[in-house]
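Residues per chain are reported as follows:
There are 2 protein chains.
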Amino acid sequence: MTLNLDADFLQRRPANHRPLTPLNFLLRAADVFPDRVAIIHGQERRTWRQYAHRCRQLASALMRSGIRRGEAVAILAPNTPAMLEAHFGVPMAGALLNTLNIRLDAAAIAFILTHCEAKVFLVDKEFSGVARAALAQMETKPLVIDIEDALGEGGERIGQYTYEEFIQQGRTEDPIYWPEDEFEAITLNYTSGTTGNPKGVLYHHRGAYLIALGQLLHHKMDADSVYLWTLPMFHCNGWCFSWAVAAVGGTHVCLRKVVADQIFEAIETHGVTHLCGAPTVLGMLIDSAAGAGRTLTRPVAVMTAGAAPPAAVLKETEALGFRVRHVYGSTELHSVTTLCDWHREWDHLPPDERSRKMARQGVRTAVTDAMIVADPITLEPVPHNGAAIGEVMFRGSIGMKGYLKNPAATEEAFAGGWYHTGDLAVVHEDGYIEIKDRSKDIIISGGENISSIEIEDVLFKHPAVSYAAVIAMKNERWGERPCAFVELKPGFAGGVTEKELLEFCRAALAKFKVPDRVILGPIERTATGKVQKFKLRQLVQDSEQNT
Amino acid sequence: MTLNLDADFLQRRPANHRPLTPLNFLLRAADVFPDRVAIIHGQERRTWRQYAHRCRQLASALMRSGIRRGEAVAILAPNTPAMLEAHFGVPMAGALLNTLNIRLDAAAIAFILTHCEAKVFLVDKEFSGVARAALAQMETKPLVIDIEDALGEGGERIGQYTYEEFIQQGRTEDPIYWPEDEFEAITLNYTSGTTGNPKGVLYHHRGAYLIALGQLLHHKMDADSVYLWTLPMFHCNGWCFSWAVAAVGGTHVCLRKVVADQIFEAIETHGVTHLCGAPTVLGMLIDSAAGAGRTLTRPVAVMTAGAAPPAAVLKETEALGFRVRHVYGSTELHSVTTLCDWHREWDHLPPDERSRKMARQGVRTAVTDAMIVADPITLEPVPHNGAAIGEVMFRGSIGMKGYLKNPAATEEAFAGGWYHTGDLAVVHEDGYIEIKDRSKDIIISGGENISSIEIEDVLFKHPAVSYAAVIAMKNERWGERPCAFVELKPGFAGGVTEKELLEFCRAALAKFKVPDRVILGPIERTATGKVQKFKLRQLVQDSEQNT
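Protein chains in written order, with our numbering: chain Z, 1 to 547; chain G, 1 to 547.
You may find that some hints are simply not true.
Same chains, same names: a pair is fine if it fits in one copy or spans any two.
Here are the computed lysine to any residue pairs in the SDA-like style, where the Cα-Cα straight-line distance is at most 25 angstroms [said to hold, decoys possible]:
#: 1; residue 1: Lys405; residue 2: Asp6
#: 2; residue 1: Lys405; residue 2: Phe9
#: 3; residue 1: Lys405; residue 2: Ala7
#: 4; residue 1: Lys141; residue 2: Asn4
FYI, nobody ran anything at the bench for these hints, they're computed from the structure.
Pulled out of the complex, with its shape left as it was, chain Z reads as follows (with noise of 0.2 angstroms):
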């Protein structure tokens, strides 16, 4: 005989059970701190009462309006308080958030509303010039909403209604719309597709409110915190900042550009606590600080990641008075799933090897239920040692539900009941992750592995250079060789060549480490910062051609 503890009255409940969702955040603040300063946008302010009472009258306005359960609202936009309210509002109306990266083309743009079969798309007026060209290509138009933001500058109207015409259209009254079920879908994130048509991940609610928990955890974010929108929030929604904010009360700085003036402007005027951003985002503050002489008053925590950060920049991002915190994970994860998680006693270590420590993606976050490096057909995991390469795979509450209308896709990502990151990583004796390629990115060279990012780090100490990326180019005789571009800063081109580079390499890398070729120039990268190598690949194969 053992208990029955699972009797008919020891089910679910509505008293003892309800879903899991970022919704929930935003009453409470409105409820705790309802005069608190929730949002500053130039000259605005917005409490965090007003802010919820915008995000009602949109949710309201889009039920009006005819939206139902599942349906997609796209929005184009920076980083503003529209964009801000979307992120509630939308889901509050049962609606499916669409952000759209505001750096793609009318294409792109065309063919991801039309995938997701978008009903309404909220424009900012800067971005209504393509919004138009990709209108125009499509077949079946949403209905399009022009955002007036009070910093925006110039733009057409394209829409049927201002948003704030729009929204005075919603009733506060209205009920809104409750999850049902906690793995109900909430937004969809298309991955920026370094290779064929992207895919829409699809988040839940409960991912949502996990991850925006294990952020503020570990970022250590209070009432108090004062968060910079340096991330592009149409980004895993900011990874998950969005929605993290609210559930302690915090403040939003929004930020339609980021440029190094206004983020310091913004971080010692409104106090920033926190920020997050790109490796490029931290290279940029380095650049200018160095111009202007500056340091900061008071300590910044960032959360940085998107490729490695090499070790320099790390460096002198800390010399300048941010307390930088490395952290990994993809958008099929909703955003952040390891960190560097910070032992004290690393402290006291001599910067380089402070930086070496912290330059690693570490371990998975108190929200993450379980990560493994392993061989990605028999699953098997890598010996601990720093060496063996295996690729970072996930599973547990925090995977997406999968990609939108695309059953294939999905089953690949997770085959074998893991998360598929794509990105092959060591583990070092200490349990820590340290990515060392994308797997499409390793190179192979004489049957050796040669992985670019270290090239890359090798490159990035030299005082000259800027940005670095390293590429396979193909090589009859050992299959494939690296090959890498360089950009440098300010006031050092034409100074340093590419002889000396290749010079600054052998003095620090295994000989069959050593690029084959150095290229100068500027490289483009995408809104998140990352450089699409097989733009680059393209290049170098044209110019091998072309020679």
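With chain Z held as given, fit chain G onto it using these hints.
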């Protein structure tokens, strides 16, 4: 046509859905901080690796001894390493952890062990006397295991094994149990039972996980946090800090006895950053510090609840260097569900006003879905005017599964889809709640409600008063009238009369609220610092009959 977001390939699967469980916190801490101190107990130190290792040993030993999923393992012990191990080791065996109040008498222990059909009973040797007496009253006896704690004093061996002998039978390579469903029971906590037999509250993995994250978030804990065990772990699993500390890889400091000298010593020796305690613990710290002229060298965060702490106690504790946060909850809600979330604007209020703000139970936490203060029958919420009284009710994932073997009490507790706390509160204009009484402790005099807490608050302000408890006594003319029990501070006994205390009340209270009687003498409290008012009512009734 709408998007198919419910397609088969978008449903839950192991890669994107795993049960939320605090067990994951321990595995992560052992991975991330293997060599960091997890537990301090006297001279003993255990790292997270060692802690996790011993929990796995315990789990394996339980399974090898024949424990099956859902069977109860009871423990009678103070805040020791074995108690911390039981919090992970028992659920890792799939068993149900039942922590027993160490102040219970043999009859109550026998009742509980019989009621939950305990298969294993872990007993700290200090409590072997009462345990043996309890076992003598039971027909079916569990396997008894003696915990021989290095800091324990005396006590006979009554078990088949010592705890160390028992866990040596376990193998850490044995697989551990993992819940299939996060709503499975994890622990069983018996309420102190102010009326009738104790009720067994079933906690689930999901609730324990969420409350643990909420505690960390609101009390700003991280890997550098050092948590001192002044709150009994048998009380709501130590407000879920037994699990929460693992989620950040902080440090537990055990404490067998809550004695002021040992608390102050532990704080200074181990750099304690956080502790919890009933207002009586705060009172003890104040009394001790006043005698020894102590203050803290570093601030310590203190979470207090159990009863509304009088303003005077809060003020003095802050002056010592403790940063007090007032929290509230109940056993049926996995512990803490509200806190007096602090507004930085309040920092600059005069001390008395700050204390009044802080004495409120406040607002729901970030992980508490919904709270209302309402009419218990109609569920109509009371206006936010600081005067209208309603019952505090909660709903959401923090609610218990229910009461073991007690469907009637479960249905009553969850009537109307809300958990009824039995506490009466007002809601202030800013939405913060303030408990005025237990529903059964309110005094109804001539049709007017008199809050026993309001009178107690006044009495606590008298410099000679160490503790006060006010109850209703029957009165022919008015129905009920207040009667105050007062315990004086050491040194004041005999120096203050009932009459003086009544005069003191008259100066501060409306005439009808002034007690008819003041009774001087020691006041009996439970292990968690609660007064059992039904016993005081009985005392008065008996004394009235004798006069």
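Taking the hints in turn, this is what the structure says about them:
{"no.": "1", "hint": "Lys405 <-> Asp6", "verdict": "between (37 angstroms within a copy, 11 angstroms between copies)"}
{"no.": "2", "hint": "Lys405 <-> Phe9", "verdict": "between (39 angstroms within a copy, 9 angstroms between copies)"}
{"no.": "3", "hint": "Lys405 <-> Ala7", "verdict": "between (39 angstroms within a copy, 9 angstroms between copies)"}
{"no.": "4", "hint": "Lys141 <-> Asn4", "verdict": "between (56 angstroms within a copy, 20 angstroms between copies)"}
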